[in-house]
Amino acid sequence: MLLATVQLIISGLTLVVFVDVILSFVLSPFHPVRRALDSVVEPMLAPIRRVLPPAGGLDFSPAVLMILIQIIGRLLVSLLGQLG
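Numbering (our numbering), first residue to last: 34 to 117.
No wet-lab data here; the hints were simulated from the structure.
Note that beta-carbon positions come from the ideal geometry of N, C-alpha and C, so glycine has one too.
Just to be clear, a hint being listed does not mean it is correct.
As the list claims (entries may be wrong) - Across the chosen pairs, the derived CB separations fall in these ranges:
1. Pro86 - Ala37: 23 to 29 Å
2. Ala96 - Gly117: 19 to 25 Å
3. Arg82 - Ala37: 28 to 34 Å
4. Phe58 - Leu36: 33 to 39 Å
5. Leu56 - Leu101: 27 to 33 Å
6. Ala69 - Leu35: 24 to 30 Å
7. Leu108 - Phe51: 31 to 37 Å
8. Val97 - Leu41: 18 to 24 Å
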């Protein structure tokens with residue numbers, strides 16, 4: 034049960050980051066949906082952007098964040114699998 038919940042949270046968080054990236058091309062930054070997603074995603078992106086600033090107008094921080102989320106998720110699933 035806990036394992037499935039962790040996997041669902043990891044998948045949901047990855048999806049939120051992906052949708053935020055896609056909507057950044059389509060919607061105004063002031064759109065309520067964009068603002069809601071940004072309020073969730075931006076606090077996680079800020080530390081990555083300090084280490085990896087945008088290069089040539091491209092921001093790779095969402096891709097790095099999604100990779101980190103997947104790595105942390107796999108570690109958690111592995112640890113939880115060993116515990117029970």
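Item to check | Broken hints, by number | outcome: 1, 2, 5, 7
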